[in-house]
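Throw the hints in and build the complete structure from the sequences for me.
Heads up: the sequence shown at position 490 corresponds to 490 in the UniProt record's numbering, and the numbers run straight through without jumps.
Calculated directly from the structure, the hints in this document are not laboratory data.
All C-beta atoms, glycine included, are put in the ideal place defined by N, C-alpha and C.
Mixed in with the good hints there might be a few duds.
[As the list claims (entries may be wrong)] No more than 27 angstroms apart at the CA atoms, straight line, and that leaves these computed lysine-lysine pairs for DSS-like: (1) LYS376 x LYS326; (2) LYS143 x LYS588; (3) LYS348 x LYS326.
[Stated by the list, open to error] DEER-style ranges, computed between Cβ atoms: (4) ASN590 x GLY26: 51 to 59 angstroms; (5) ILE178 x ARG575: 27 to 35 angstroms; (6) ARG242 x LYS655: 24 to 32 angstroms.
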Amino acid sequence: MQNSPKSDCRVFALIIGIDQYKELHGLNGCVNDANAFKDFLTGSLHVPEAHIMFMTNDTATRANILSAFKTHLIENSRIRDHGGDTILYFYAGHGSRVVAPNNAFSVDGRVETICPHDQGATDEKGEHIHGIPDYTVHNLLQKLAASKGNNVTAIFDSCNSGGIGRGNATPRFAETSIPIPADLDNDFMYPREGRPTIPEGFRYRFMESHILLAACRDNQSAYEITAGNGVCRGRFSESLVRTLSNVSLEKTTYQNLLDLVESWGDQNPQLEGKHKARFLFNRTYPLISKKTLPVTQDISTGAYEIKMGSIEGVVPGTEFVVNDPKNNTVCFLSARKVDLYRSILGVKDSAQPVGSLPLGCQATVSNWNNNDMIMKVFITPDFDPSAESGLFPEQHLLVSQLQSLPVPRKFMRAESQADGDIELKKLAGEKFAIERLKGIIREHALLAAEFLLHPDKYNRLPIILDAVAHFNYFLRTHHGSAPIPEVSLEMHTLTGPYPNRQPSADILDSYVAEVKDDKDGRYGFTICNRSQHELFPYLFYFDPAQYTIDEWFAPPSPTMRGPLAASRDGIQATRLPIGYGIGGYAYKFNLPEGKTVDTGFLKLFVSTEYLDLGWIVQKSPFDPGFEPSSRLGAGRETIEKGQAWHALHAVITVKQ
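What follows is the structure, encoded as structure tokens:
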């Protein structure tokens with residue numbers, strides 16, 4: 001399918017393919033892959049040759065690759081600064097995993113590298129030429145995003161773990177025995193504080209700077225094969241370019257692309273990055289209703305499935321309305337079997353069989369039937385009547401009636417202050433206050449949060465209270481039947497310069513910490529696992545002053561191994577650093593202007609399987625442009641038995 005961009009093409013690419021190496025054994029299909037990707041850009045997207053830097057074999061030396069990244073991408077004046085231009089980085093060649101003693105970015109004494117043409121040779125000074133480490137590539141991509149914007153896609157058809165080729169397949173992996181010096185490429189470090197973004201390997205923790213497409217998991221090999229036309233190609237690159245050539249880029253997201261690219265038993269392509277839901281090579285997202293999500297049907301059983309489960313508040317009996325792409329109602333379904341992340345649905349009225357659903361159907365919750373989801377709001381009799389009418393259009397609603405409104409609400413009116421979770425107060429002028437009447441926020445944080453709302457915007461009050469209910473529900477969420485108690489969270493003060501900061505002993509006392517307002521203070525965290533489960537951890541920061549929820553750590557890909565390894569003996573914990581070492585940049589806790597004390601909450605979820613928990617995140621509902629958290633999923637999976645998850649929270653208070 002032809003994808004015609006604007007006449008002024010805003011696509012720029014650095015393409016590298018290496019078959020011939022000075023010191024490493026050669027490959028056969030990498031240059032073919034690079035040529036195929038270039039042909040796709042120039043043929044299907046009409047990208048000018050001048051926008052493409054193309055490097056193969058002896059031109060792709062270490063120095064040339066690093067120089068090209070700087071001159072053709074980071075400092076290229078033709079690429080607009082944060083103007084939305086599409087930037088592509090493609091590498092096909094050997095990868096390796098190299099010993100790296102005393103390296104801050106290594107969890108096991110090794111780092112991943114891509115292998116330039118001259119790796120293993122000596123330079124004019126007689127010094128060994130190393131591969132390009134993962135952290136160097138990552139920091140170059142960070143600099144690129146900071147300079148030009150985050151519409152960046154990095155594609156790697158290489159592997160970083162050894163393997164034995166099967167049949168005619170050859171792995172793109174090279175053994176390298178010379179250790180990586182601890183100070184290699186220090187001049188490429190990107191010193192700033194922020195979220196944990198330095199990777200362990202090329203599978204980055206939580207990437208906002210770019211999208212990563214990789215040929216395989218970190219414990220697999222990327223293979224070369226002889227294609228049907230007799231040409232040697234990388235299995236992944238061949239499938240990727242073929243797929244890109246046959247889809248509409250304007251209608252295909254990165255997540256869609258991964259579903260369409262082939263996957264093999266010994267090689268599973270990976271997709272990582274915060275913006276996986278974007279359209280390909282674009283900064284925009286599908287225009288899908290924030291309150292809808294796909295419903296799929298198992299043709300063999302006739303059962304309907306939705307990627308929404310108990311962790312989001314679905315219970316047996318939760319009801320959904322299903323609409324076709326033209327927004328016509330197709331049927332009403334209710335949850336029959338609910339698992340952690342998925343639910344099996346049945347027709348609400350069995351007397352009305354539905355059959356096969358039209359393609360593209362979306363489901364919306366019409367009745368939660370879950371009292372735990374509902375926040376009770378108390379208002380005094382003298383509350384502003386115009387504001388009250390928008391909050392409670394009918395008096396004394398039952399929970400079932402409340403949730404069956406056209407947009408199911410997550411709050412209802414409390415008949416007394418003692419019965420309420422919060423009290424909404426109207427103060428002077430345009431000021432409102434949310435007073436916490438019970439729960440852990442009242443125990444540890446300020447009693448009230450204030451916000452401004454003009455009378456013309458009173459219709460936003462239900463949106464604000466829904467967001468407060470969302471915040472409260474996930475802050476207090478815990479698993480009552482299958483916890484994993486062997487998981488713990490530690491907090492540390494950090495000392496020393498980046499990237500070699502050292503953590504203190506745990507400063508959490510019964511999961512409570514008090515820190516000083518210090519602009520130079522730096523903190524990190526460690527998730528510890530003494531269980532026999534390989535786990536997927538998720539760390540969120542809840543700010544009760546603004547009711548924001550930020551994601552501080554999430555596993556990068558559903559097809560990867562759990563980042564938190566199982567304990568070998570159930571005694572010695574495995575440890576996952578966040579904010580130091582391979583866990584990236586440190587955290588700071590500072591008081592907002594005019595405050596002498598402030599409290600926030602860390603919430604840790606761990607699961608034995610990957611969960612898409614990005615929908616928990618929300619901006620402040622007090623902001624005029626706030627929209628409710630979205631929850632979108634796709635694809636079909638089966639309900640797995642034996643799922644386990646656990647949740648815990650920590651309280652952090654900052655004082656002068």
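- Item | Earlier hints that do not hold, by number | 1, 6
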